[in-house]
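There are 2 protein chains.
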Amino acid sequence: MNAPRRTIVVVGGLAAGPSAASKAARTDPGARVLLFEESDAVSYGICELPYFVAGEVPERDLAVHTAESLKREKGVDVRLLHKVESIHPGTRRVRVRNLQSGLVFDQSYDRLILATGAHPRRLGIPGEDARNVFHIRTLDGAVHLEKLIGQERPRRAVIVGAGYIGVEMAEALRSRGMDVTMLDTQRLPLQGMAEPAREGVLESLTRHGVTFKGGEGPVSIAAGADGTATHVLTPHASYPAEVIIVAVGVVPNTALAVQAGLRVGRSGGILTDHTQRTSVDTIYAAGDCCEVRNSITNNPVYIPLATIASRAGWVAGTNAAGGRARFDGALRSVAVKVFECEAVRIGLSESEALEARFKPVSQTIVAQSRVGMMPGSKKLTVTLIADRASGRLLGGTLFGEEGAVLRAHALAVALQQRLTVDAFRTTDFAYAPTFSPLWDPLLVAANALSRELHPTDRP
Amino acid sequence: MNAPRRTIVVVGGLAAGPSAASKAARTDPGARVLLFEESDAVSYGICELPYFVAGEVPERDLAVHTAESLKREKGVDVRLLHKVESIHPGTRRVRVRNLQSGLVFDQSYDRLILATGAHPRRLGIPGEDARNVFHIRTLDGAVHLEKLIGQERPRRAVIVGAGYIGVEMAEALRSRGMDVTMLDTQRLPLQGMAEPAREGVLESLTRHGVTFKGGEGPVSIAAGADGTATHVLTPHASYPAEVIIVAVGVVPNTALAVQAGLRVGRSGGILTDHTQRTSVDTIYAAGDCCEVRNSITNNPVYIPLATIASRAGWVAGTNAAGGRARFDGALRSVAVKVFECEAVRIGLSESEALEARFKPVSQTIVAQSRVGMMPGSKKLTVTLIADRASGRLLGGTLFGEEGAVLRAHALAVALQQRLTVDAFRTTDFAYAPTFSPLWDPLLVAANALSRELHPTDRP
Chain F
125 MNAPRRTIVV VGGLAAGPSA ASKAARTDPG ARVLLFEESD AVSYGICELP YFVAGEVPER
185 DLAVHTAESL KREKGVDVRL LHKVESIHPG TRRVRVRNLQ SGLVFDQSYD RLILATGAHP
245 RRLGIPGEDA RNVFHIRTLD GAVHLEKLIG QERPRRAVIV GAGYIGVEMA EALRSRGMDV
305 TMLDTQRLPL QGMAEPAREG VLESLTRHGV TFKGGEGPVS IAAGADGTAT HVLTPHASYP
365 AEVIIVAVGV VPNTALAVQA GLRVGRSGGI LTDHTQRTSV DTIYAAGDCC EVRNSITNNP
425 VYIPLATIAS RAGWVAGTNA AGGRARFDGA LRSVAVKVFE CEAVRIGLSE SEALEARFKP
485 VSQTIVAQSR VGMMPGSKKL TVTLIADRAS GRLLGGTLFG EEGAVLRAHA LAVALQQRLT
545 VDAFRTTDFA YAPTFSPLWD PLLVAANALS RELHPTDRP
Chain P
125 MNAPRRTIVV VGGLAAGPSA ASKAARTDPG ARVLLFEESD AVSYGICELP YFVAGEVPER
185 DLAVHTAESL KREKGVDVRL LHKVESIHPG TRRVRVRNLQ SGLVFDQSYD RLILATGAHP
245 RRLGIPGEDA RNVFHIRTLD GAVHLEKLIG QERPRRAVIV GAGYIGVEMA EALRSRGMDV
305 TMLDTQRLPL QGMAEPAREG VLESLTRHGV TFKGGEGPVS IAAGADGTAT HVLTPHASYP
365 AEVIIVAVGV VPNTALAVQA GLRVGRSGGI LTDHTQRTSV DTIYAAGDCC EVRNSITNNP
425 VYIPLATIAS RAGWVAGTNA AGGRARFDGA LRSVAVKVFE CEAVRIGLSE SEALEARFKP
485 VSQTIVAQSR VGMMPGSKKL TVTLIADRAS GRLLGGTLFG EEGAVLRAHA LAVALQQRLT
545 VDAFRTTDFA YAPTFSPLWD PLLVAANALS RELHPTDRP
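Protein chains in written order, with our numbering: chain F, 125 to 583; chain P, 125 to 583.
Please note that a few of the clues may not be correct.
Where chains are identical, the list cannot tell them apart; a pair therefore holds if satisfied intra-copy or between any two copies.
Straight line, CA to CA, 20 Å or less: simulated EDC-like cross-link-like pairs of lysine to aspartate or glutamate [stated by the list, open to error]: (1) K503 to E323; (2) K337 to D303; (3) K502 to D185; (4) K502 to E180; (5) K502 to E464; (6) K503 to D185; (7) K271 to E180; (8) K337 to E323.
None of these hints come from the bench; they were simulated from the model.
Let the sequences and hints guide you as you build the complete structure.
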């Protein structure tokens, strides 16, 4: 007698959902894996949307998977334009609305995986809903923006929020020939990175004609007679714009989870254990709707990044299908291209370290990306943070025109393995004059930090 | 009453010597630090010599330090053209010959640091001493070669040995417009790297017009009436050349050490403990004259690389001056640029793993260096090797046009910390579409290897 066929239902089709569904189907090839997505597209390159807006990546290339390819290659039964309206854990059913037919039906499951993602945080100010104000998060939104740029040839853009998405959008809109002004309540762009890198990013933005207004947030958006936004108003000034981008972070989509009685954390994200199981036994969750455990502090935190969504989805899919996998935590690893520069941070910032009751001590060094005498060598700024008491590395930021992001991979391993500065600084990195100096900038920074940690121990 | 001033004598001025001397002077600012170097130059960029020959780096830029700058900036008293002829450990003296005056004198020391380096391995075949046969190792040799190229406009070069120096020289000579033929007894270039990378290197060499003859070694070098070499003869063919480069490895310079009775290892390199102390209490050694401990096997091995020389010199200098430092071992981390490609290996090769009694299992994956849809993305080949019994990572090779060498930094940390594949593969690397795919190629390779290690454990 065969075991009954397991039904795994996945809600959400962007990043964590397809990852979870594919992995579930692979883990238990006999399972029926159903994925419901309320929009008309799955699995597209959300991280590549700024490059689509810039005109560097065509729309057709943005699809990572289609409903058809997920079915064919991964064995996942995808239902587009299907909105899951409620979850009934007691009877293991979800209520689903077919948005095309309007039909509502119940779907039973053995295991449910929530990958409902996040939506853009709103400013909550007047004028935010004008047709030329964009809270970029979806393919649809990006397509609208790109179309507007092509048709209306806007000259001026205001970007509210200088996080990594704001910075990427600034570059994209500059490349489309627009005047760009960025507003941020912080004094410098890219909160969370070390200050020397943030200053470098500001310099790079300015050098490329982006106007950055720090310490300044919008209070309203003014519109003309036809309802089209025309100005962003702050307490200090009024900035005219034909396009306004709001990029001030995202908020987890947890309405379904809350309705189903799942526990959520301080940030509002769904809480899971290291198997991605929620507070209800048969329900898993992954991606931007969830909190994850910070590898350094062990605290649950909200880190909405595609890398984490994809990995956590993999873990949720494995476990929901009867396999065994664990999510080992996240480091808040963020990389961003800023015109010709790279900026990356991994691990805790100084303020996060203080909050987690470490005693952070940091050092910043400026080195060359290659042997200084070699053509093409660039300046690289490295900041490392450690805990004074234990000597443990806590985080780092790298910034420069070459070799910042991939160098930070080494830091990611060190942080995830909880290495001390002294263990890290003896690493035997590969070297050739065209790739790095004889003493890699990471080692120079680690040696400087080690001297700071052991001030009396002269060598 | 003041303690008597410590005298630290360093023999050798290229890489480990200046590193050791500088660090000794910094560790004990009261010490007298003397460095004897038999040539007329110290501390130049030996790794950059191929780029000097290519004409990319001018000769004046090759100097990392001069005798004067080492004195002024580091407090090291440098004596050029001074050859140490013998060591007398019983009385803590070295006998030194001033090569300019011919004068011989004795210099006493409290601690002696040997950094006598290595010399090129010779083929031991007839014709090897012709004036147009170069065993590149010194600034002097490179200057002679560069001058010959400029004056005699040679058309054809033969390079014997396709290790990383041979490959770098091939590129340099091609850029000077010469026809280049490489001979190697191995079937493929860059022994020690994984086979897929070696095939890629061969393809790159060939694409750039370098003729590679594998499985073929020279038996003699023929010369014309004036003693100038004209052909390299192998059992199969005769290769005409106006310039011949021999790059078949190096041999540690240990005549002084052996005369002083220091223990040497199987490779002929001086044996030291983890403080770089030799078998004689008051004598330290560092750099290409030494063996080092392999971090993975714990065995003493010979790895003549500038990175190791510099770090080991630092450790020797610290300890000789009364400080405390340890050399934590080396991974045999080798990086090389091959025209537009990068190749890097870290840790053990499969044959080294077998020799060290591991049970190596390896996986090779081909991925993209960036998100595939992004402009500029290149193919990247990653091979990882692990031990079947323990699941420990043992080594890896990366090859591609972008992002190979710096990515390998992460592997260096993992190998030095003796991580298993399963610990490594959950690392939370930073990602942005312009720098890497969502799943970094390192993680793709580690996941493939993990599946190979746990074949029954389906997920």
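Going through the hints against the structure:
Proximity of K503 and E323 under a CA criterion of 20 Å is satisfied intra-copy only: 14 Å inside one chain copy versus 34 Å between copies. Taking the shortest Cα distances, K337 and D303 sit within 20 Å of each other inside one copy (14 Å), while across copies they are farther apart (58 Å). For the identical chains of this complex, K502 and D185 are inter-copy neighbours only, at 16 Å across copies versus 32 Å inside a copy, given an alpha-carbon limit of 20 Å. Taking CA atoms no more than 20 Å apart as the test, K502 paired with E180 passes between copies only; the shortest distance there is 16 Å, against 25 Å inside one copy.
Both within a single protomer and between protomers do K502 and E464 lie at most 20 Å apart by alpha-carbon distance, with minima of 11 Å and 19 Å respectively. In this homomeric assembly, K503 and D185 come within 20 Å of each other (Cα to Cα) only across copies, at 18 Å, whereas the closest approach inside a single copy is 34 Å. Taking CA atoms no more than 20 Å apart as the test, K271 paired with E180 passes inside one copy only; the shortest distance there is 15 Å, against 47 Å between copies. For the identical chains of this complex, K337 and E323 are intra-copy neighbours only, at 13 Å inside a copy versus 53 Å across copies, given an alpha-carbon limit of 20 Å.
Violated hints: none; the structure is consistent with every hint.
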